[in-house]
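K.L.:
Sequence:
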Amino acid sequence: RTETWADLQGLVVEGARDVDVLKRRVAQEVDERRSRDENLEAMCAFIARLEGDFEAASARNRARRASTEESPALIAEVGFTSLDAYCERLSSHIGSLHASLQEHVEDMNLVREEHRQFFTTVSAKLVDMEALNDSLDDRVSRL
Numbered sequence: 001r002t003e004t005w006a007d008l009q010g011l012v013v014e015g016a017r018d019v020d021v022l023k024r025r026v027a028q029e030v031d032e033r034r035s036r037d038e039n040l041e042a043m044c045a046f047i048a049r050l051e052g053d054f055e056a057a058s059a060r061n062r063a064r065r066a067s068t069e070e071s072p073a074l075i076a077e078v079g080f081t082s083l084d085a086y087c088e089r090l091s092s093h094i095g096s097l098h099a100s101l102q103e104h105v106e107d108m109n110l111v112r113e114e115h116r117q118f119f120t121t122v123s124a125k126l127v128d129m130e131a132l133n134d135s136l137d138d139r140v141s142r143l
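Residue numbering for the sequence shown follows full-length UniProt numbering, beginning at 1 and increasing consecutively.
Keep in mind that the hints are not guaranteed to be accurate.
The calculated label-pair distances, taken between Cβ atoms and stated as ranges, are [what the hints assert, rightly or not]:
1. 131 / 42: 35 to 41 Å
2. 122 / 60: 47 to 53 Å
3. 125 / 34: 18 to 24 Å
Just so you know, these hints were derived from the structure itself, not from any lab.
Quick caveat: nothing in here was measured; it's all calculated off a predicted structure.
C-beta: ideal position from N, C-alpha, C; glycine also.
Please put together the full structure from these sequences, using the hints given.
P.N.:
Here it is as structure tokens:
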């Protein structure tokens, strides 16, 4: 098949346009995934605050128990047994929530790594495509 000068120039222009379109798509996807990563970081910060709040609440609860155990009148007044059961149930729910959020963070970290590898590969392919396009452009200009 014989290609004309115009055909070759058209292929080079088309290749450059394809590379530009792919670059824009990759940039858009990188921005979207960066936004997701920022949301994940916010969720991690929330989990850390939740853990801190839970630890502080647990410490207050332990202190309350210690002071309550010393006062039989207070035990009778506030119904320590029901308060204790409520605190245990709340502690269990917070622990379950923490475990669930921690699993989600671990999953998101795996996804983040997959995204990083994907974009590294795509970026390398785009560099290869640009080099190929530049090479074609050089060949066409020499013809």
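K.L.:
Now, for every hint given, state plainly whether the structure supports it.
P.N.:
Here's how the hints hold up against the structure:
Between residue 131 and residue 42 the beta carbons are some 39 Å apart, a value that agrees with the proposed interval 35 to 41 Å. For residue 122 and residue 60, the Cβ-Cβ distance of about 51 Å falls inside the hinted range of 47 to 53 Å, so the restraint holds. Residue 125 and residue 34 have their C-beta atoms about 20 Å apart, which keeps the hinted 18 to 24 Å range intact.
The earlier numbered hints are all upheld by this structure, with none contradicted.
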